[in-house]
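J.: Letter by letter, the chains look like this.
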Amino acid sequence: MRTIDQLFERSTRSLAQRTSRRSLLASVGQLLTGAVLLPLLPIDRAGVARAAQTKPRANGPEDCQYWKYCAIDGFLCSCCGGTSSSCPPGTTPSPISWIGTCHNAADGRDYIVSYNDCCGKSTCGTCDCVRNEGEKPIYRPSRNNDLNWCMANADVNYHCTVSVILGVAEK
Amino acid sequence: MRSAHLFCAALSWPLLAARVLAVPPPLPVEHLTVERLPPRSPHWVYVYDYAFDNETDARVYLFDGDSYRRLGQIGAGFYASINLSPDGGTTAVASTYFARGSRGARTDVVEFTDNSTLAVTHEILLPAKRALSVSSLFNLAYSDDAHFLYAAYMTPAASFGVLDPAAGTTLGEIDTAGCVEVIPSGHYRVSSLCESGRLLTITLDAQGHETARAMSEPFFDADQDPVFAQGIPTNRGNVFLSFLGEVHDIDFSGAQPTFAAPWSLVSPAEKGHWRPGANQVGAVHRELGRLYVPMHEGGEGTHKDGGTEIWVYDLTSHRRLARWPLKGYGLSRVTAVQVSQDPAPILFAATETSDLAIFDALTGRLRHITKRVAQSPWMLLNP
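For the protein sequence lines, the chains are A and B, in the order given. My numbering applies: residue 40 is where the first sequence begins, and numbers increase by one. My numbering applies: residue 10 is where the second sequence begins, and numbers increase by one.
Please note: incorrect hints may appear among the correct ones.
To be verified - Label pairs and their calculated CB-CB ranges:
no., chain 1, residue 1, chain 2, residue 2, range
1, B, A108, A, G129, 46 to 52 Å
2, B, R374, A, P128, 16 to 22 Å
3, B, P136, A, T165, 47 to 53 Å
4, A, R148, B, A215, 56 to 62 Å
5, B, R329, A, Q104, 55 to 61 Å
6, B, A175, A, D149, 51 to 57 Å
7, A, A144, B, A137, 39 to 45 Å
8, A, Q104, B, N244, 42 to 48 Å
9, B, G177, A, D149, 49 to 55 Å
10, A, T165, B, E44, 49 to 55 Å
Treat the hints as calculated values from the structure; they're not laboratory data. Note that the structure is predicted; figures quoted are calculated from it, not measured. Note that the Cβ used here is the ideal one computed from N, Cα and C, for glycine as well.
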C-alpha cells in the first residue's frame, strides 16, 4: 500500500511540475472519458495468439509496425521474454512513462498508450523499433521517447519497452 | 644418366646461390610504444557512439577528416552527455556507471579527458540525478570562459548542477521549474527550454549562485510546430529548427535572449512535405554563416528520420544556396551533421547505417566515405 502511495505521489508531483492547470484539466477529462469506455475495450490476446505461432506475425507484437507501437523508441519487450504489455522476467517496470495516441485499424478507434520501460538489466538489443507519431521533444517529457524512463527506478539500467493501453482517446 | 644429373646440378648451383643472396635482411626488432596524437587539426571530429545495442558501453571516437583514420577513443559509459571545452583541449563526459557492470550501485560522474593525450585527467562526482536522455549538446555545457560546467538533471523534476571543472567540485543545484537543458551564454547565464515555448534564463554570479531569472515570451508552439531541442551554435547564440522547418535564430549575447523573426527552410509548396529530421539536425559554419540541414520528404512523426538530401542556407539572407542529394553516393539517410570551422571547411555526415561521409562544405563534393564508423553515431562534435 505504501508503495502505491509513493507511486501516486511521485506521478502527481512530476505531473504538477510539467503541466499547466488547463492542460491538466484537459488530460484528466480525456482519461476519464477513456475510463468510462474501458469496459468496452477488447481484451488484448496478443500474447496467447503469439504462443501458437512459430514465426512472428506480420503487424503482430513482435513487429515494429504493430499498431500500439506508434510512438515507441526502444527494444520491443515482446522479443525479449516479455509481451507488448508485460516486462521480461527479472526486470522491473518503470512507474513513470511517456504516452502516445495510436490508431487501431481493427476497430477504428484511437487509444492512449503508455510506454513503460522495463529496467534493471542491460539493453535487450533485439527488435529495435523507432516510431514517432505525436512524439515531442524533451521539454514535453510526457510525450518524449528519448528519455530513459527507468530514471526513477532503483536500478536505472534500460532493458526494453512495453506499450500498455490506458483507454480510448476521445477526439 | 649420372652425367645428366651432374650437368643439371652444375646448372642450378648459380641460380640457388643467387636466390640465397637475394633474401632480404630480417625485420628490425620492434619496441612497444603508445602512439601520440598529431597536433590538433580543425578537421578532427569527435564521433559520439551511443552504442544502442549495449548502452552501458557508449564511447567517443576521435576521427581525422583528412586522413580518414580513427585516432583514438574516449569511454562514455551509459546515456552519456558530452561536450568539448571552449578551447577544444578537453572532452567532458557526464556518465553513469553501475558497480557490477549492468547492475549495482549507481555512480554519476563527469570525466575530463585531455584531448592531446586522450587520457582521463580528473573527475567530478555528481548526485544520482543526471538527465538520462539521448545525445544533445545541451545536457552538459561549459560557460564561455570554461569557469563553470553545467550538467542537466532530471528525476523527472528538472534542475541543473553548477560545477567547477578546474577545482573538480560541484558548487550547487538550481531548479528550472520544469524547463530542460542547459544552454550557456556569457558570464554567466544558463537558459532552458520550456514546454510553454519560452526560454527560462538564469543568471549566476562568479561563485555560481543564482542572482536573477527571467522568462521570455513564447517563441514556438509545442502543439502546432515544436522546435527540436538541440540548438545549433552560431556566432551570437543558437539556431533552433522546428519540425516543419521554421528557423528561430536567437541572439544570446545580451542579458536576455532576443529573437529574430522566424524564417522558413521550405517554400510554401514544400511545407509539410519536405522537412528537417535527424538525431543531430543541423550544423553552422559560424564565420561563413552557413547552415547545413538534413532534409527529407515525410509527414508528421518523421522528425527523427534522417535526411535524403542536405540543404545549405545563408543565415543572413535566408537564401537556400544548395541542395545536395545523397542517394547517388549510395548513402543511407543522414542522421547527424557537423561542419569544421576553418576557411576550407569539410562537412561530416553520419548515416543511419553508421557510415561517415565527408564532403567539401563549400561545393558539396564528396571526399570520402568511411563505412561503419561506429555502432550508433548519433552526434558529431568539434570545437
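J.: Determine for every hint whether it applies to the structure shown.
T.: Consistency of the hints with the structure:
1. B:A108 x A:G129: 46 to 52 Å: violated, 18 Å
2. B:R374 x A:P128: 16 to 22 Å: violated, 54 Å
3. B:P136 x A:T165: 47 to 53 Å: violated, 34 Å
4. A:R148 x B:A215: 56 to 62 Å: Given range 56 to 62 Å: holds, Cβ gap about 58 Å.
5. B:R329 x A:Q104: 55 to 61 Å: violated, 34 Å
6. B:A175 x A:D149: 51 to 57 Å: holds, 54 Å
7. A:A144 x B:A137: 39 to 45 Å: Holds - the Cβ-Cβ distance for A144 (chain A) and A137 (chain B), about 43 Å, lies within 39 to 45 Å.
8. A:Q104 x B:N244: 42 to 48 Å: holds, 44 Å
9. B:G177 x A:D149: 49 to 55 Å: Once the Cβ atoms are compared, 52 Å apart, the range 49 to 55 Å for D149 (chain A) and G177 (chain B) holds.
10. A:T165 x B:E44: 49 to 55 Å: violated, 36 Å
Comparing the model with each earlier hint shows violations of hints 1, 2, 3, 5, 10; every other hint is respected.
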